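Trainee: Throughout the sequence shown, residue numbering follows the working numbering, covering 1 to 332 in sequence.
Don't read these hints as lab results, they were simulated from the structure. Since this is a predicted model, take the numbers as computed values, not measurements. Wrong hints could be hidden among the right ones.
Quick list of the computed label-pair ranges, beta carbon to beta carbon [to be verified]:
hint, residue 1, residue 2, range
1, Asp169, Asn145, 27 to 37 Å
2, Gly83, Leu124, 14 to 24 Å
3, Glu128, Gly83, 16 to 26 Å
4, Lys219, Ser314, 35 to 45 Å
5, Tyr330, Glu277, 22 to 32 Å
6, Gly189, Leu209, 17 to 27 Å
Beta carbons are placed, not taken as given, at the ideal position from N, Cα and C, and that holds for glycine.
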Amino acid sequence: MIYDLIVQSNEFKEFQQDAKKGILPHAFLVLGVDLLVQEMYIKALSTVLLCKDFGCGKCDDCRAILNNKHLAVRTYDNLVGAGGVKAANDLIDDVFLTSYDYPNRVYIIKQGENLSAAVQNKLLKTYEEPPQDAVIFLLASSDANILSTIKSRATKLYLPMFSSKQIFDVLIQNGIEKDLAEVASTLSGGRFDMAFDLANDEDLYQQYLDVFDALLNLKTSSDIPKMLSHDAFFKKDLYGRKTEYISKSLDFIETILKDVLVLKTGSKIGYMTIKKEKELKILAEKYSITALALSIEAIGFAREQLNFNVTPISVVEKLLFSMLENAYLYKD
Numbered sequence: 001m002i003y004d005l006i007v008q009s010n011e012f013k014e015f016q017q018d019a020k021k022g023i024l025p026h027a028f029l030v031l032g033v034d035l036l037v038q039e040m041y042i043k044a045l046s047t048v049l050l051c052k053d054f055g056c057g058k059c060d061d062c063r064a065i066l067n068n069k070h071l072a073v074r075t076y077d078n079l080v081g082a083g084g085v086k087a088a089n090d091l092i093d094d095v096f097l098t099s100y101d102y103p104n105r106v107y108i109i110k111q112g113e114n115l116s117a118a119v120q121n122k123l124l125k126t127y128e129e130p131p132q133d134a135v136i137f138l139l140a141s142s143d144a145n146i147l148s149t150i151k152s153r154a155t156k157l158y159l160p161m162f163s164s165k166q167i168f169d170v171l172i173q174n175g176i177e178k179d180l181a182e183v184a185s186t187l188s189g190g191r192f193d194m195a196f197d198l199a200n201d202e203d204l205y206q207q208y209l210d211v212f213d214a215l216l217n218l219k220t221s222s223d224i225p226k227m228l229s230h231d232a233f234f235k236k237d238l239y240g241r242k243t244e245y246i247s248k249s250l251d252f253i254e255t256i257l258k259d260v261l262v263l264k265t266g267s268k269i270g271y272m273t274i275k276k277e278k279e280l281k282i283l284a285e286k287y288s289i290t291a292l293a294l295s296i297e298a299i300g301f302a303r304e305q306l307n308f309n310v311t312p313i314s315v316v317e318k319l320l321f322s323m324l325e326n327a328y329l330y331k332d
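Build the full structure now, drawing on both the sequences and the hints.
Mentor: Next comes the structure, spelled out in structure tokens:
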């Protein structure tokens, strides 16, 4: 499961070692977009702070933390919005007034990227100089909206990253059908939260196969008219969802071409697609490294066109023509 992967990660082990050495600071800025990993990562770090064995995962303290029932772990997700300053005051009062019979007290502040400047300034002194037994985790998708005064006082931690194969295995363990697990892990971008959301889309796997079929059969410009009615891009039952459908197909194309690029360059980065090596090799014969890079860039332009309400059929036509042109002009 996700917890098992996290406690095996270098990020967790480094935190654990610093805790054993007694050199952990008291204020952290935890960055990353995967909400499922974020939640479990913070639980794992909390076990290190409150377990006498630095996160054994089995004792009463660890089990209480993993089940959201530990008295020394407080989570705040109400500091965003109109009541944010009052909620921040409540947190500060708790930090300085509450005492437990534990080696540490853990305070978790969610949605850091959405905190107002007023709330962040309210938290600043507490964040800078918390009581000796208090550890504060500020969670954020990025530090773009975090005040420099907060960032300068924080120790940054980043969420562990996982491969599509690891995500695939966890989806299977959670009872997701193999076909759906394959495509969801491929499209997830390394995110467990997105993978589980995608796994609920029963039509996704067929769309994934259709995109592979379209790419393998796109050989000359005379194939483009056929592609404009291909299930990879247009289906009769879309009912006004053409832009959304094509956007997902663009995600697939980008993922596939990036894997072909990995194959062509001999990179040690793992493939995002799973068990598609044969198809990747066929595509690798068609596209040079330069052609792949330019085609991936063209996908970004296609997304911009969709966002500016260019007709979907025109977006697809231009993209496919650009890919063929790149393949022709930049041969190996």
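Trainee: Confirm or reject each hint.
Mentor: Hint check:
1. Asp169 / Asn145: 27 to 37 Å: holds, 35 Å
2. Gly83 / Leu124: 14 to 24 Å: holds, 19 Å
3. Glu128 / Gly83: 16 to 26 Å: Holds - the Cβ-Cβ distance for Glu128 and Gly83, about 24 Å, lies within 16 to 26 Å.
4. Lys219 / Ser314: 35 to 45 Å: violated, 22 Å
5. Tyr330 / Glu277: 22 to 32 Å: Holds, since Tyr330 and Glu277 (Cβ atoms, about 23 Å apart) stay within the stated range.
6. Gly189 / Leu209: 17 to 27 Å: holds, 20 Å
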